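Order-wise, the sequence lines are chains U and S. First residue of the first sequence: 12, per the working numbering; consecutive thereafter. First residue of the second sequence: 470, per the working numbering; consecutive thereafter.
No lab work stands behind these hints, which were simulated from the structure alone. Being a predicted model, the structure only gives us computed values, none of them experimental. By construction, the Cβ of each residue, glycine as well, lies at the ideal position given by its N, Cα and C atoms. Hints may be right or wrong, so weigh each one.
Said to hold, decoys possible - In silico lysine to any residue, SDA-like type, Cα no more than 25 Å apart, as pairs:
1. K865(S) x P197(U)
2. K213(U) x P197(U)
3. K270(U) x E548(S)
Said to hold, decoys possible - Residues of chain S clear of chain U, computed beta-carbon distances all greater than 10 Å:
4. A519
5. P532
6. T572
7. L592
8. E695
9. V716
10. S722
11. D769
12. N807
13. A837
14. T854
15. E873
What the hints assert, rightly or not - If you want the footprint, here are the derived chain U segments under chain S, 3+ residues with CB under 8 Å:
16. 137–148
17. 154–167
18. 270–282
Each chain, letter by letter, is given below.
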Amino acid sequence: MKKNYHNSVGVGKYTGLVLISPFIAGFFIFILYPFVCSFVTGMTNYDNIHQPEFVGFENYINMFSDSDFINAVGVTLKYTLLFVPLKIIVSLFTALLLSLEIKGIGIFRTVFYIPSVLGANLAVVIMWQYLFTRNGLVNQFLEIIGISPVSWYGNPDCSIFIIILLRLWEFGSAMVIFLTALRDIPKEYYDAAKVDGCGKVKSFFLITLPLLKNVIFMNIVLQTISALQEFNAPYMITHGEPLNNTYTVGMLIYDEMFKYYNAGYANAVSWVLFMLTAIVVFIMFRITGRLKEEMQ
Amino acid sequence: MRKILISALCIIAVLYSCGKKDSSVTLPDGSLDKCTLRFSWWGGDDRHEATLKAIELWNSIHPDIEIKPEYGGWDGWSEKINTQISSGTEADIMQINYDWLVTLSPDGTGFYDLNKLDDFLDLSGFRDDVLSFGNVNGHLNAVAVSVSGRGLFYNSKVFERLGVEYPSTWDELVGLGKTFGEHGLYPLDLDIQSGGTAWYLAVVYVQQKTGNNFIDMNGNLGFSVENLQTALDFYKLLEDNHVIRNVRTRTDSDGNAALYQSPEFINGNIAGVLEWGSAVGKYESVLEEGVLEAGDFLKDDSGNSGGWFVKPSLLYAISANTKYPDESAEFIDFLLNNEECADILGTSRGIPASSYAEKRLESTGKIAGLVQENYEMLESMDTVTISPYMELARMKEFYNDAIEKVSYKLADTHEVAQELYNNINDYLESLK
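Only chain S is shown next, with the shape it has when bound in the complex:
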């Protein structure tokens, strides 16, 4: 019996070692065949409803190519897609995040090369710089749906009640802490959870101040230890001046709830949020209509407003394992460029990067509100394109650990900055 068991174990080990997938790419055949495609995305209810309606429209136009939707919230989504891709069971068409290009397709072969599908996918409505977001190693792995940046949004009612204006400089933001603190309120909130807004704002501050980019597009750290320390000092300044809650107060008040689910935000005790223009809807919807307003992108006293980030908020990609590349490309083209589809999707994924869809929404007056204000302000500024390396999960862990140590006063900012510098450099080096 023992011999049988040992033999079985050896056979399993050998079979497993030899059994790793070695997938081959299906080439486009230039025709649309009858098939069923899977399309996966994450988002909130507004995005789900709009996308399902768009799929209904597609199915009525292309009855031979059925689209099966797979959707859910963001929590756990990247883990799910990672598992699917590693087992070769991912959807044919996927909404992906910018940093997934680094982790899932570092050499450009992780997703289908869209350059090969120009018979069905019209990219003439995209600027070259927008298309370059999805380019990895000469392969067009994905197309950006929209370009977005994080901006500041405030509860206008609270600001009116206290008789203060929205800040337009960093000093004005810090100054607000005193007025708000006297009433037991906070003008802003920054987190170290999945949003990671605390480190994001601190980096923007240093980029504007020094002109250095945090991480370049090739994954090289552009900040020195001193720059990192300045970022951490700035974060501490915000905490110490009652501009934001410290990590402990925040965790005690909200547990793990996101800010838009927190009574502190809903009741107006927290009067501001830093959020992507394409995702601010969830904060808008928990307050009275029209209460949340877009504030300025902060600048220094000399009027320099540089350093703010933009990035492709979402991208569409086709699985490298799909058996139907032509049909998948046709569907992405429909989502990006079709005017009727643009009407249905609106700004549920931000303001479309495709000029065809954007013009359509402009002509029908559907580009409006906070998304538009945020977008227009960003368009007029000297922005920095975020590096996909900055958003990697491991990197976020480094930032959050550093912020936490500073907030809990476990070490001085220089010590933490040095540790952060070493961690980031070692990790980025390991990816090369």
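Chain U extracted, bound-state conformation:
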């Protein structure tokens, strides 16, 4: 039997399609088209200037012998492994503090969110220089409390931490997600636990953490994706130095594309980064058993 889509409010067969057409158009023009173009360009030797020639998977094969690429992948993975757990801990801890019902908490929440709005811009770069250079505020503070100054910028083992610290400082978005989830936990659970003699620490581990499980996982996935694509902070603060110890895959793509006129290779690397991100997220879903849940 033929369906009749018309109803009293005038919704026709194609109304839905018309309504989502701006998105469909945007998706094709701004996402799908660049996505396919990027893949095609990655199979060429395009240099941004001349007609590209098809080279098949040569760019992908060359990556395995490119020491800069191998180093960049190592730096990116190291950065992600160090950064993501720290970010989750810091943002969750701050969210717990800001969920306390004290006077003027709204002001605190706003203040803590400000760094996320600032991002890695020029003013922040200058501030970081004042903080972390040899005579910067951080080293002055360390000297006051009797600790030797740290070579933040110059020591290859330390430089990655000033990038991590910048991104940790911008914990606002993750914190807001935690804060919203914390407010959704019914107070009655804590009251019941208190009656049963459960302390605050025990309540946290037995009530808060299990109920935040989904939100924590979502935050881990989001932070992992953003960490694997990191570009701004090392580009602005360390330029990938010293000894390329903060040179991420994002920086490599930028340099190959715009500095070295190697658009074919840059696009191939960006596809590898895409695949790497997809694999990492897939593994995370597998480990937590979420893939099965999603499939069901």
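Put chain S on the given structure of chain U with help from the hints.
Just chain S, lined up with the frame of chain U:
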């Protein structure tokens, strides 16, 4: 749905593959038509202000040909121009860097051939050797605005306080490290950032010592592994003798700030800089007036001062895609040769290579100070024209990696020199 998506992907791929630009060049028609032209350049505030005033003058003389300025600082500028050129949206007239001729126009067709525009562009005020800088494969792709070289400039106050003279030989420079070191100061600073002065000075030292040119104009490496090792050893000698800060100390002190923004330079803890004569103004302006002075170009003990580089500090080029080649040529002619324009621009792009503009500035007493001193010293020396291949971004990465490895003591200089030699040779070969 899946079929539709796969079909869409295939269509996009085919369209994209067929859709690469195939631009055609607009021929000159010998007349000036009403139009709007875009002119892009990079530089500091002094250059921006002077150029904007020059554009005002142009607009008052040629009300039918409006010039729209596009300008900014150097950071990220070449990336921006590269993106514009690859998408065919570059300005009609561009200030370009010397090495862009290699990357953006290796066969000479990347920019408009200025030889075709002699109705409007008068190049009679330029020496042939200066014009040859912009010649690629028989096409005149660009005209040099000025010719410049990197020289040594010192903080006279610090030198006076310590009672030492400016060095005139390499040995004297190395000897300064002891005196300065006793006071916790440095007589000079060399960097491995965008300036890349560390490798530059080391190359000059070896060129003077051996008579070999680092890279020739055709992109052939003229240094042997031993020459490269000598350059790296010399750099290490400067670090070890407290003439310059090592990479780690420099990075710890300044982060990524340029030397002229560094408190170490502004406060006089660093008392010297190696800089282009056309760009030394930014160092001059952060110190008290008259404190920064030009030093000698260093020579060896036998008085040989060869090996120092000169290059066209900037060039003007016209986009190969411009619809208005005649009008663009007329504007470049105005910038290069017009006397009133020369008065306004002064030495904001160095001492003009056009004899008309240079004479005008000389007659009005506008060629003076550090720019003039640097220029006169270079004129009297046996200089080497820098190869555009030496300044390519990838090459700079090789030099900086090598310097960093030596400074951080990750390998001995012979090992690093061998790696550098292989990297440079492989890369130069790939460009041919």
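Evaluated hints:
1. K865(S) x P197(U): 60 Å, violated
2. K213(U) x P197(U): 17 Å, holds
3. K270(U) x E548(S): 6 Å, holds
4. A519: 25 Å, holds
5. P532: Nearest chain U Cβ is 36 Å from P532(S), so the label holds.
6. T572: 5 Å, violated
7. L592: 26 Å, holds
8. E695: 25 Å, holds
9. V716: 7 Å, violated
10. S722: 5 Å, violated
11. D769: 33 Å, holds
12. N807: N807(S) clear of chain U: closest Cβ-Cβ about 32 Å, beyond 10 Å.
13. A837: 34 Å, holds
14. T854: 24 Å, holds
15. E873: 6 Å, violated
16. 137–148: It holds: at least three residues are needed, and the segment 137–148 of chain U offers 6 whose Cβ sits within less than 8 Å of chain S.
17. 154–167: holds (count 6)
18. 270–282: Result for this restraint: holds, n = 4.
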